[in-house]
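Sequences are here, hints too, so could you generate the full structure?
The lines below spell out each chain.
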Amino acid sequence: MTATKKSLKFILLDILYLAMIILPFAGAIVLKVLITPQTEGVSLTGAIILWQIPMPLQDLYITEVQINSWAVVIAILGLVLFLRHGLSVKPYLKRQLVLEWIVEQCDNLVMSNMGQAFMGFSPFICAIMALSAFSSLSSLLGIFPPTSDLNIIAGWAILVFILITYFKLKGGFFHYLKSYTEPIAVMTPMNIISEFATPVSMTMRHFGNVLSGVVISSLLGVFLSSLTAGLPGLLGQIPFLRVGIPAVLSLYFDIFSGCLQAFIFAMLTMQYVANGFPGEAYEKRLKRRAERAARRAAEKA
Amino acid sequence: MTLAIGLILMGCAIGAGLAMIAGIGPGIGEGNAVAAACTAIGRQPESRGTVTSTMLMGCAVAETTGLYGLIIAILLIFVAPNLFVNILVAHAA
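As they're listed, the protein sequences go chains H and V.
Quick note on numbering: my numbering labels position 145 of the first sequence as 145, and the sequence is numbered without any gaps.
Numbers in my numbering are just positions in the second sequence, counted from 1, shifted up by 301.
These aren't lab readings, by the way, just hints derived from the structure by calculation.
It should be emphasised that the depicted structure is a prediction, and the values quoted were computed from it without experimental measurement.
Don't be surprised by glycine CBs; every beta carbon is placed ideally from N, CA and C.
Where hints are given, some of them may not hold.
[Claimed, not checked] What follows is a set of in silico ranges between Cβ atoms, one per label pair, in the way DEER data are often shown:
#	chain 1	residue 1	chain 2	residue 2	range
1	H	L251	V	T351	24 to 30 Å
2	H	L169	V	T351	30 to 36 Å
3	V	N387	H	M55	21 to 27 Å
[Unchecked claim] Reference listing, derived: stretches of chain H covered by chain V, where coverage requires no fewer than 3 residues with Cβ under 8 Å from a Cβ of chain V:
#	segment
4	201-209
5	256-267
[Said to hold, decoys possible] These stretches of chain V come out as covered by chain H in the derived footprint (C-beta under 8 Å, 3 or more residues):
#	segment
6	356-363
7	368-382
Pasting the structure below:
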């Protein structure tokens, strides 16, 4: 394929991928407009429940947040497919350079924080960072950001907790149990508490940061519209101060804080997994296992 | 009944205000962290990137206690009054 000429199939696929990015968000915005009840001024509510599916233990609530978070997932998938479309050894598309930059940055981050042994984690870290960042940034479009709902982040944190425990168990089950009695046996309850505090604090940190942004933006909105409410005539009808001024706060709370929290969530994931992994015990266990296998082979022979 | 509901609302509001005292700690702590980072960058300007990312990471971790306070405050304002009033009504009935 030459550098300038793109085939029709290529362009059609491009359009499909771009639609995959845009349409979910458009759908989420339409849904938001359709289901949001009329309220006076600014109201602070949680996610709106759309459907309620009966389940054995507890009813499953399908809320706005699930829809938005799936929209974000599909949009990220579309973005990645768009970026990787037309990869070649000699890059002739700008998007390939962007993609290479992203992959390189993520690899560097994982390399410097977790080490060579955990390079397989790079896609997961990149995915969790993208998911978190795009979820927070989706509030710029006016839809309910998935990260300001506790359940979504709790899900991620539980996933990370399972990962941490899985890597801790790699050193053997007894080594894992013994790690609770470090440095002395009296500390066991403390260690158990701190073990369960990990996902809780990860959840609360991310959720609290995004939620504080949402609350403060809403309060500012109420304040600004109450300033103009007293003015006579048409001026009092239109809260014109609410145009533009909240954007300054949004710059911090939505863009900076959202990206920072995504980075920190990924950082903490890397730190916890890499620090929890008992390298020496794992090597010993591998060696023991190899010896046992060798002995068994010798017995058979 | 009205008095009881008023007392519940008052308690929730005062509690939410008190919960936000938790904001003092992270404020001081993050201030210290940023001051130390400034000193470090002043001493070794070439280590700016590493110091900044480490500082942001530490700040975010230090912020957690303040955010716990915030979440308690928000629960007290938006969730607790409804819950407590419902319990009260159920008791009275």
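To see whether the hints hold, each was checked on the structure:
| no. | hint | verdict |
| --- | --- | --- |
| 1 | H/L251 - V/T351: 24 to 30 Å | holds (25 Å) |
| 2 | H/L169 - V/T351: 30 to 36 Å | holds (32 Å) |
| 3 | V/N387 - H/M55: 21 to 27 Å | holds (24 Å) |
| 4 | 201-209 | holds (count 6) |
| 5 | 256-267 | holds (count 5) |
| 6 | 356-363 | holds (count 4) |
| 7 | 368-382 | holds (count 6) |
Of the numbered hints stated above, none is contradicted by the structure.
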